[in-house]
Amino acid sequence: MPLAFPFSAIVAQEEMKLAILIAATDQSIGGVLVFGDRGTGKSTAIRALAALLPPMRVIDKCTYNCDPEANDAGLCESCRTRRSKDDIKVRKAPVPVVDLPLGATEDRVIGALDLESALTRGEKAFEPGLLARAHRGFLYIDEVNLLEDHLVDSLLDVAASGENVVEREGLSVRHPAKFVLVGSGNPEEGELRPQLLDRFGLSVEVKTPQDLKTRVQVVRLRDEFEHDPDAFIAKWKRKDGKVRNQIVKAKERLDQVEVPDAALERAAELCMKLGTDGLRGELTLIRAARALAALEGDDAVTDDHIRRVAPPALRHRLRRNVLDDAGSTTRVERAIQELFGS
Amino acid sequence: MMPTARSESGAPAAHHPHQSAEQSAAQPASQPAPPQRPDPWQDACMAAALFAVDPAGVVGLSVRALPGPVRDLWLEMLRDYLPPETPLRRIPLHIADGRLLGGLDLSATLRAGRPIAERGLLAEVDGGVVLLAMAERVAGSTAAHLSAVLDAGEILLERDGLTARTPTRFGVVALDEGADDEERLPNTLIDRFSLLIDLNPLAWRDVQQLPPDMELADILAARERLAAVTVDDDALDALCGTALALGVDSLRPTLAAVRVARVAAALAGREQPAPEDVSLAARLVLAPRATRLPMPEQPEDEMPEEPPPPEENQDDSEQDKSPEQEIDKPLEDQVLESAEAAIPANLLAQLQLGALRARSRTSGKSGATQSGSLRGRPAGTRRGEPSATARLNVIETLRAAAPWQRIRRAEREQEREQKYRAVDAPVAKQSRRKGRASPPVAARPRVEVRLDDFRVTRYKHRSETTTIFVVDASGSAALHRLAEAKGAIELLLADCYVRRDRVAMIAFRGATAEVLLPPTRSLVRAKRSLAGLPGGGGTPLAMAIESAVDLADGIQRRGGTPVVVFLTDGRANVARDGTGGRAQAGEDAMSAARLFRAAELTAVVIDVSPRPRTEAEQLAREMAAVYLPLPHADASALSNAVKAVV
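Chains A and B are the protein sequences, given in the same order.
Just so you know, we're using the working numbering here: the first sequence kicks off at 815 and counts up by one.
Just so you know, we're using the working numbering here: the second sequence kicks off at 145 and counts up by one.
Think of the hints as simulated: they come from the structure by calculation, not from any bench.
Even glycine gets a Cβ: it sits at the ideal position worked out from N, Cα and C.
One or more hints might be untrue.
[Claimed, not checked] Cβ pair distances, simulated, as ranges: (1) 1069(A) with 252(B): 32 to 40 Å; (2) 200(B) with 1116(A): 45 to 53 Å; (3) 970(A) with 521(B): 25 to 33 Å.
[Claimed, not checked] Below, in silico cross-link-like pairs of lysine to any residue (SDA-like), each with a Cα-Cα straight-line distance of 20 Å or less: (4) 1027(A) with 377(B); (5) 938(A) with 591(B); (6) 938(A) with 553(B); (7) 938(A) with 555(B); (8) 1027(A) with 396(B); (9) 1027(A) with 394(B); (10) 1021(A) with 393(B); (11) 1027(A) with 393(B).
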């Protein structure tokens, strides 16, 4: 595993880093899509995510990292059986951050017969795929707009139901597969399908920094990292630990953050003003604002939280107005100004 | 001891001409004259040497040249610079993902009885160099695979039932054989490559007179020195400032320039990059990616007696640097001047052409590529059943079935055993009278194929082009030149016939825009509709544009590629709601033109006025369409012009 650039050492790109922290705090938001120019640190930030996540509790000897506190419907078949026999132990494991490479085949994504068992022992056995490995974690797709269509269809189906149903090669297996989708790409390479676009909770646009000091700092830090990765990571370990603690505390505080009715009304007003389709925008906006409040140690969601998370939560859900020369981000910001008056 | 001493003494001697060249170049820099334009062949040789020192660190080198003796000589030199044991592999354009990344080695797997992975080409080339032939035509997915492996330094394999991570670090030499400015490398690769060189302007005669002055021993010595080279803040500031001034947005090229400066310092035997190393990095890495020329921040001329270049650079430096770093100004000025000198003289013209060509698209059979059909170029396989829209790939189906033969054979044996045991009792009873009878041996199929094994082929093909003619049949147009416009359209129809286009026709006059002819392949019907088209009435231009957008949108939904040809004088006098009035009609036409532009369609506006007027030209500009005035009574020249554009 190649060493990842530390998250706290990433220069600028505050919106991208904030969106990633929000997705790490509250996985029900539904993931992050990072679109933008080349060479802006998209893949670097997402790959640095693995080092930030605190360990989670899993059932021991379970291939699917089942949650010991889930009800029976959320467990895999073998864990359900073992729980009825009261034969369950718990251990800690790192949160999986699974990379879906571009050349992946369908059987490796979904899961299939175990080739080794079939060839060596002549037995039928199920080998889990990437979706199983990503359960309760993150599934990262680089160059998401180059993904094959049939793989996208499989991903959408599993992401919607939270369960992977495998019916192939004489197998009939179902197992939980709840994961957060994280994608990155360059809009010049191609458009993203609307179904896949709506699946991402937050959408971030990154741009190249234009001032000289920022660019010098980016190049200096990256050059230092490439020269001696181990020393660089050790140097930034304390700051990364601070970010990790922030996530841990935010996760603990998330359930106690109050969402007043005034905040709900503001979110609904904003979505109505922008004309977003469906209600997923409101849900994501409120959840993201709550996660932001938890990250910052606040007790309740305020207008400031909603204002800051509105662009990433709503910019990719706008109905396209071909006669409006302004981009999506500009429209969201204009609506925010009209609503919050600043 | 002696070989080391010889190489050490050789390195300064080899670089002495280079340094003297730098010194001679530095003297004119202090004078008003601009820096000398660098020699392209010497830069190409230096690029080969830099790449040979650290192929994985430099990541990529793009050589833009048609096949010929100059390119062959350069490749031979690069081969000489690399150690003999360096793996050097050539990637063909048609390489499949399984061969590029690796996968299941089917024959070895079946022979050994356990899964055996096949190392892909990128794994075999670890520590070496990959040669990408005809790189400007490489597929987007192959470029994405290369980019992912170059970024991560390993191959992440998830295919054919195998999961593997294979570390591999290599450099890429991309042979860019693009004939014109539109044929280029994929942007993902250009962004990651460090060095972009162009051998096209060089002739064999120029190359012969300038032999390279470096040897393999110099490369090997530089490799050993590379780890000890550090880059100071002055060099970082200079390279970042130069990249910003030249409009190089992505930060990867700036990082690449830092790396190249370090390699250049190692090659010259220095522990830190000197100003000439930084200038070389800026010239080779940043200058080919310039999107604008450096501009002074202050347009006012505060020191008229000073020569212009130092003044511009000084103004730029003052904007970027704090007073305590005044000692750094000369370095950045020098680096920027060096990079600026390497920019081709016609950069502005090229940028403008590039911006225009960015929107141009081919027509005819060469529409946009599209997946999901029964014809075209194969693009891999997927699991599925053969049907009217999917064709079975027999070889891939058998490949998918092969690993499971053992388990299926065992299953069938088990079934036969159970059947035999069920039949055994009656046979046993009868055996008391007739004796034991042996069961018949059933014939077995050689390969057992099941539904899950079926693989269908996926195709990519270019979608069909439909040309939409929007004809102005109003009174003003008919009075002048409707007959000539019809003649021009007939010639264009002949071109559509040659290209196997479909055609559609919209006529607008009076208060309506009417679809005379829905999209069809029948050009005879098109000619008949055109011949019978009467003239007269007002000019409802806004309605015509909106009808064209609707028809084009329908064509796109059905998978085609629309091209719209307007024939009008641009003088609208009927508004969108059908009422008269030139002012409102003009506004509506411009609004519809913006709608047309937002739809991102390819269009040509042919001005049928007796003399070219501003209305049609403004309309074309608003629609982002190509404007062509109809020459006087020359439909053939018009047809040639449209053919060149569309």
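Taking the hints in turn, this is what the structure says about them:
no.: 1; hint: 1069(A) with 252(B): 32 to 40 Å; verdict: violated (54 Å)
no.: 2; hint: 200(B) with 1116(A): 45 to 53 Å; verdict: holds (50 Å)
no.: 3; hint: 970(A) with 521(B): 25 to 33 Å; verdict: holds (27 Å)
no.: 4; hint: 1027(A) with 377(B); verdict: holds (12 Å)
no.: 5; hint: 938(A) with 591(B); verdict: holds (18 Å)
no.: 6; hint: 938(A) with 553(B); verdict: holds (13 Å)
no.: 7; hint: 938(A) with 555(B); verdict: holds (10 Å)
no.: 8; hint: 1027(A) with 396(B); verdict: holds (16 Å)
no.: 9; hint: 1027(A) with 394(B); verdict: holds (15 Å)
no.: 10; hint: 1021(A) with 393(B); verdict: holds (9 Å)
no.: 11; hint: 1027(A) with 393(B); verdict: holds (14 Å)
Checked against the numbered hints above, the structure violates only hint 1.
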